[in-house]
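Trainee: Just so we're aligned, residue -18 is where the sequence shown starts under my numbering, counting upward by one.
Derived from the structure by calculation, the hints contain no laboratory data. Predicted model only: the values in this text are computed from it and were never measured. Any given hint could be a false lead.
[What the hints assert, rightly or not] Label pairs and their computed distance ranges (CB to CB):
#1 Asp40 x Pro(-6): 13 to 21 Å
#2 Gly23 x Ala(-1): 27 to 35 Å
#3 Pro(-6) x Val44: 25 to 33 Å
#4 Asp40 x Gly18: 23 to 31 Å
Backbone N, C-alpha and C fix where the C-beta goes; we use that ideal spot for every residue, glycine too.
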Amino acid sequence: MARRLALNWGVLPILYSAEPSDEARIQMAMLRARELGYVKNGDTIIVTAGQNQRAGGTDLIRVMTIE
């Protein structure tokens, strides 16, 4: 999936170990994005996630500002 997402302009997929909750996964992804230099404080990002691993399985979309 990460390779497929990398084909979309402006999408930078981040792989990380599983976390127990949506909030923990989002925080881990934001931390990893900072470490990789993808984002900095003040940047606006869009987070998508889903429990279902098939097309149309996204059930969370959130606009966030990096703090």
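Trainee: A separate judgement is required for each hint: does it hold in the structure or not?
Mentor: Results for each hint:
Checked against the given bound of 13 to 21 Å, the beta carbons of Asp40 and Pro(-6), roughly 18 Å apart, stay inside it. In this structure, Gly23 and Ala(-1) meet the distance hint of 27 to 35 Å, their C-beta atoms being roughly 29 Å apart. Distance hint for Pro(-6) and Val44: a CB-CB separation of about 18 Å, inconsistent with the stated range 25 to 33 Å. Our hint of 23 to 31 Å for Asp40 and Gly18 holds, since their Cβ atoms are close to 29 Å apart.
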